[in-house]
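Novice: For reference, the chains in residue letters:
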Amino acid sequence: MSATTAKVDHAPLPSAARCGLARVGLELRMFFREPTAVTFIFAYPVVMLAIFATVFGQDGAMLGPSHAFSYAQYFLPAMIATGVMLSSFQTLAITIAVERDQGELKRLRGTPMPATSYFIGKIGLVLVTSLAQTALLLAVAVILYDVPMPSSPTNWATFAWVFVLASATGCVCGIGFSCVPSSGRAASAVVTPVVLILQFISGVFFQFENLPTWMQQVASLFPLKWMAQGMRSVFLPASAEAIEVGGSWQHGATAAVLVVWLVLGLVIGVRAFRWTRRDDS
Amino acid sequence: MSPSPDLAVEVHALRKRYGDKLAVDGLDLSVHRGEIFAILGPNGAGKTTTVEILEGFRSRDGGEVQVLGVDPARADRVWRSRIGIVLQSPGDQGELTVGELVRHFARYYPNPRDPGEVIDAVGLAESAGTRARQLSGGQRRRLDVALGIIGRPELLFLDEPTTGFDPAARRSFWALLAGLRDDGTTVLLTTHYLDEAEHLADRVAVVRDGRLLTLGTPDDLGGRTDQAAIVRWTERSPDGTVRHREGRTHAPSAFVRELSLQAGLGADAEVPGLQILRPSLEDVYLALIGEPSTEQSALPLAEGAR
Chain A
1 MSATTAKVDH APLPSAARCG LARVGLELRM FFREPTAVTF IFAYPVVMLA
51 IFATVFGQDG AMLGPSHAFS YAQYFLPAMI ATGVMLSSFQ TLAITIAVER
101 DQGELKRLRG TPMPATSYFI GKIGLVLVTS LAQTALLLAV AVILYDVPMP
151 SSPTNWATFA WVFVLASATG CVCGIGFSCV PSSGRAASAV VTPVVLILQF
201 ISGVFFQFEN LPTWMQQVAS LFPLKWMAQG MRSVFLPASA EAIEVGGSWQ
251 HGATAAVLVV WLVLGLVIGV RAFRWTRRDD S
Chain B
1 MSPSPDLAVE VHALRKRYGD KLAVDGLDLS VHRGEIFAIL GPNGAGKTTT
51 VEILEGFRSR DGGEVQVLGV DPARADRVWR SRIGIVLQSP GDQGELTVGE
101 LVRHFARYYP NPRDPGEVID AVGLAESAGT RARQLSGGQR RRLDVALGII
151 GRPELLFLDE PTTGFDPAAR RSFWALLAGL RDDGTTVLLT THYLDEAEHL
201 ADRVAVVRDG RLLTLGTPDD LGGRTDQAAI VRWTERSPDG TVRHREGRTH
251 APSAFVRELS LQAGLGADAE VPGLQILRPS LEDVYLALIG EPSTEQSALP
301 LAEGAR
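Just so you know, the protein sequences line up as chains A and B, in that order. Start counting the first sequence at 1; every next residue gets the next number (the working numbering). Start counting the second sequence at 1; every next residue gets the next number (the working numbering).
Quick caveat, the hints were computed from the structure, so don't treat them as lab data.
Selected chain A positions facing chain B (in silico; Cβ < 8 Å):
#: 1; residue: L13
#: 2; residue: P14
#: 3; residue: L26
#: 4; residue: R29
#: 5; residue: R33
#: 6; residue: E34
#: 7; residue: Q102
#: 8; residue: E104
#: 9; residue: K106
#: 10; residue: R107
#: 11; residue: G110
#: 12; residue: T276
Over the 12 Å line for every Cβ pair with chain B, so calculated as not near, a few chain A residues:
#: 13; residue: D146
#: 14; residue: A238
#: 15; residue: W249
Ideal Cβ placement from N, Cα and C applies to all residues, glycine included.
This is chain A alone, in the form it adopts within the complex (with noise of 0.2 Å):
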């Protein structure tokens, strides 16, 4: 078996960048090929948006001041929004969640591959999914509900650092809430409640606005409030800002609590972080 490559001593270690661009190849054949996990990640936000747009958009229903805007304008932000979390925090605390528990990082823990090269191959997937998804949701909405995009540049740069920063604070809470579930078949069950209700809080399937203030100070502290209205700010006309709860698109806070976000979630992530069971030491 060793006949036909020789022995060579002291070859160097691939390095962290190959191995990383090896597992992101790897990450994605292995979310393509369960169809389950595709459909919903790539289906909810898309339902989701239908659904409420054609709920609340009866009979050409609009919204805003002088009515400027359509409840799927309206709707299509906060669904980006939660496509990201989804791709990225949800996907990722229950995948590694699961390899943890069924011993594939243990595994991964026993080869040379460096601890970076997991976390660039997840990073990979999640940018991956998350740009095909957003994608997906604004080709759904010009097409089907004529929603406009937007045409100035600034628009776009907005986009850009809200999407790049919403998806990595996702990212690195995801890998750190992955520590959370016991067993990897109660990790759905613990992580999919709090998605579900930061939801319900953060403005992604009411008007933000509607809330209840209690409701709307204790979304505050988390990123999907502050994603969602970073979002409005780039996918709604100009007149929306004036109905925000703060009476501006606040871009210096959501920046700021994405940041403080990003940091705790490195911060414990690091801390947290195992590759074996917690039963297993």
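Got chain A; can you put chain B on it based on the hints?
Specialist: Below, chain B without anything else, positioned relative to chain A:
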């Protein structure tokens, strides 16, 4: 403890505690380079704990450990590229094919084996395009081994590798490991199968309650060759009844010679019903770990013990 170049593994006074229980209690082991070394013991003997300390997965509470000259508690990537690990229950990744997994894992190592050759060697050539989920239990285990040896390890750890195998699969698995040893790979395996240790291992350590009970070649385990042989024969009394007789001796040849002379049969004659029994590995093992023998072989049991 300075690392010795001839030893792949050196363990001295290893201790590991879980709560009040000492899982490993002062264990000493050395594994030579190029040998297949088996750790044999009942469930809960501390086999997996010991091996996982050697693999760098678990911390220890005391003692010294050197694996390929490195303390596994301070393991780095270079060290991990020199060992191969087959865990007792490794991960799933069921949606990937055998070929994809083996080729992928090869990319972690500086000098991997050829993925196609490894897949051939573990007997999965026919299943290279099959998703891991669809493999049988034995094939899954072979895939685990393929992933364990793809990096051309100097030292391969196998934790109960053949649990759940059918006899034919075990035979070919043993042949695979013997081939790896002949290639120069040191193999450290845990098992609770006596025949596996007997067939495969150059040396066997029997552990119980985290302690080493005995260490030796399978043929000579527990001083088996030095133990008294049991000679059984039948004797016909003058009244015609047949009696079964039994004697213990350290010199069975002389004993039998004496027997034939005593019976007045002459040196060439056959002693009727002659059997010479040595304690089997199982007898030795069960005596060591303090379990009653289940077979009524060389060590007869009292009536109430079964």
